[in-house]
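So you can see what is in the structure, the chains are spelled out below.
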Amino acid sequence: MPELVAVTVDDRRVDVPKGTGLVEAALAAGIEIPVFCYEPRLGPPVGACRMCLVEIEGIPKLQAGCTLTVQDGMVIRTAATSAKAAEGQEATLEFILVNHPLDCPRSTSRSRSRRSSRSTGSAAFSATAAPASRRTSRRTAS
Amino acid sequence: MASVSTRIEKLRKQYPESTSAILPALRLAQEEHGGWLPPEALREVADALDLTPAYCVSIASFYDQFRLEPLGRTLVEVCTNVSCALSGAQQVLEAFERELGLEAGTTADDGSFTLGTVECLGGCGWATVVAIDNRHRLRVQPDDVPAIVQELRA
Amino acid sequence: MPDHPQIVFAGTDGGALTRIEDYESAGGFAPLRKARSMPPDDVIAELEASGLRGRGGAFFPTGRKWAFVPKPDQLPKPHYLVVNADESEPGTFKDREIMLRVPFRFLEGCLIAAHAIQCEHVFVYIRGEYEQEFEVLRDSLEAMRKAELLGGVTVVLHRGAGAYICGEETALLESLEGKRGQPRTKPPFPAIAGLYAAPTAVNNVESITTVTSVLELGAGEYAKLGVEGSTGTRVFSLSGDVVNPGNYELPHGITLRELVYDVGGGVPGGRELKAIIPGGSSTSVLTAADIDTKLDFTSLVEVGSSIGSAGVIVIDDRCCMVQLGIRVSQFYEHESCGKCTPCRVGTRWLTQILEKIEDGRASQPDLDLLLSVCDRILGKCLCPLGDSDAIAVLSYVDKFRHEYQAHIDLGRCPLEGDSSLEGILAPSAMHGRHAHEVAHA
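In the order they appear, the protein sequences are chains V, E and W.
Start counting the first sequence at 1; every next residue gets the next number (this note's numbering).
Start counting the second sequence at 1; every next residue gets the next number (this note's numbering).
Start counting the third sequence at 1; every next residue gets the next number (this note's numbering).
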């Protein structure tokens with residue numbers, strides 16, 4: 001019987017085996033945290049997309065949930081119950097969409113973002129729209 | 001002079017893991033190929049370090065000092081970051097553009113010079129800093145440029 | 001201005017100690033012998049007692065960092081010391097001068113540190129653009145090897161190849177491992193899993209050089225210099241619109257006024273002081289009203305900025321603060337590694353909005369958008385690079401809001417082409433400008 005740790009995600013208490021990742025622990029509590037760059041079948045989490053930003057009690061800065069292993073007694077708040085996490089998640093989505101065609105095919109992975117682009121579309125394309133083709137900084141992957 | 005592969009082999013031994021040698025290896029190969037990394041150079045490095053040429057491209061494309069396109073014989077780079085900018089770097093750059101007959105970011109048709117701008121070279125107190133083939137000239141003023149270019153042309 | 005004790009540059013008398021015999025005559029290598037005669041943990045304790053905090057920008061206590069490294073019997077893996085000589089923060093040029101003028105004191109510090117954390121492998125990651133400095137270190141290391149001073153420690157001088165992000169410690173480690181220099185998430189921290197996943201201490205050049213001086217003077221004497229919380233001296237890099245730019249080793253706690261006016265000779269050409277960036281481009285800008293701020297960690301935090309890398313950039317009244325925002329944002333945009341969303345996209349977006357403001361095409365909502373994008377970057381990135389762009393731009397708007405507003409109200413730059421940064425061409429804009437002119441030829 002593996003050692004269990006108790007964690008709380010959005011006020012839901014769940015016991016998971018020690019060493020469980022935060023995203024998996026949330027799933028065990030019935031909460032799906034959107035992740036765009038994390039696919040366990042491809043490798044360890046990288047914390048790159050920032051879609052999974054969560055607020056952890058006792059840590060002032062938002063954390064990329066995918067990179068964390070839950071500790072006993074951890075209290076986690078996702079965008080559902082933390083305004084700060086919601087702001088972080090929405091910021092990430094807006095950054096992705098501001099330079100992204102809105103008609104891209106729907107993702108077939110389990111981790112589909114539930115937010116419609118409609119809510120961020122007006123903000124993203126208001127004052128300054130990024131040109132469709134532009135010289136990307138040499139380092140960026142896109 | 002030992003071959004590039006032999007010299008990379010020697011470099012490789014300095015590191016507990018051989019992939020670490022890729023930066024000095026690419027620098028070496030670039031120097032051997034006239035200041036840039038043509039496909040043969042990338043292949044040489046890949047073979048010497050048991051990597052793929054594609055991996056070598058992924059590394060070379062990340063770092064500003066590695067060039068994946070042909071370069072002029074002399075590389076002139078003017079720093080235009082904050083302190084140099086405040087000290088007249090744009091005027092220095094424009095002087096080089098006039099003297100070399102080149103736009104910043106381009107190479108002369110005869111392959112003599114490449115002129116560009118760079119980010120902070122760590123010489124802010126001696127602005128404007130100009131790197132010529134990676135050797136730094138300090139306190140460059142626009143009036144110094146014609147003499148510098150003449151010296152480089154000689 | 002009274003003569004200030006030279007610690008890092010002790011014995012140089014304004015020159016350089018690049019010959020091993022000269023360095024030995026000046027007392028060189030005695031600190032190393034002293035350190036090697038002490039148990040490693042005692043050396044760590046000495047550094048902790050000195051109050052020395054990292055000189056790269058993070059200001060983390062050096063002794064404490066070393067104490068985090070597991071002992072070899074706790075974790076039997078090779079341990080590493082990695083020295084961050086990737087100095088690339090705009091406005092900062094002190095490590096360069098340290099390596100040129102006191103290379104032996106620096107290398108001696110590497111060996112002392114290696115003894116303290118009980119490692120036999122030191123890597124010095126030196127930015128690729130510092131070619132002359134690399135040659136000086138290479139020659140100095142060879143002289144030390146011949147003099148049999150290395151004591152079984154291998155020191156590898158590893159040249160970078162042009163990437164500001166490789167100054168971030170985990171990106172540096174990635175680069176040193178032969179990968180693209182993209183930062184890692186922390187934890188794990190390098191002290192536990194660093195280079196090749198082994199315990200690694202990453203320290204800045206000035207910090208390591210100061211280690212030698214701490215062993216020489218003793219922690220107590222060293223801690224008498226400077227101020228509480230910021231002990232010792234600091235090599236301040238002074239540049240920009242100032243009469244005497246250069247590196248100046250001064251105790252923590254001197255004021256900006258003393259640095260800029262007494263040492264720096266003030267602003268040339270009869271111009272007015274407009275702004276000062278106190279700790280490299282990643283720190284919040286200050287105005288002339290802040291001139292009496294003390295240069296130490298706490299005092300700068302209290303005025304809403306940071307000591308950072310101690311790169312002090314003086315800006316006079318010819319400089320348009322929107323253009324400064326563009327130039328700084330272009331730098332972060334260019335240097336962004338691309339890994340995380342807010343930095344990759346946000347740095348570019350900030351530059352675009354700032355360009356719109358400068359071109360006189362912006363309306364009021366654009367200024368709100370600028371601040372909003374900054375807020376959406378802040379605290380969301382994988383590493384401090386994205387934050388730095390946001391911090392800088394937020395501070396320019398905060399301190400020079402009227403100037404930003406004037407661009408919008410007038411529909412143009414109020415300096416009308418006379419700004420000292422007018423037309424400055426950034427590397428990230430280089431090809432764009434060429435393409436633009438070709439398209440419109």
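Keep in mind the hints are simulated off the structure, nothing from the lab.
Here the structure is a predicted model, which is why all the values come from computation and not from measurement.
Among these hints, one or two may not hold up.
[To be verified] The calculated label-pair distances, taken between Cβ atoms and stated as ranges, are:
(1) E272/W with G101/E: 34 to 44 Å
(2) A30/W with L138/E: 33 to 43 Å
(3) D317/W with K10/E: 28 to 38 Å
(4) Q71/V with P70/W: 46 to 56 Å
(5) P70/E with D42/W: 49 to 59 Å
(6) K71/W with Q71/V: 23 to 33 Å
(7) D103/V with G269/W: 52 to 62 Å
(8) K34/W with L138/E: 34 to 44 Å
All C-beta atoms, glycine included, are put in the ideal place defined by N, C-alpha and C.
Structure-based check of each hint:
no., hint, result
1, E272/W with G101/E: 34 to 44 Å, "39 Å, holds"
2, A30/W with L138/E: 33 to 43 Å, "34 Å, holds"
3, D317/W with K10/E: 28 to 38 Å, "55 Å, violated"
4, Q71/V with P70/W: 46 to 56 Å, "20 Å, violated"
5, P70/E with D42/W: 49 to 59 Å, "57 Å, holds"
6, K71/W with Q71/V: 23 to 33 Å, "25 Å, holds"
7, D103/V with G269/W: 52 to 62 Å, "56 Å, holds"
8, K34/W with L138/E: 34 to 44 Å, "38 Å, holds"
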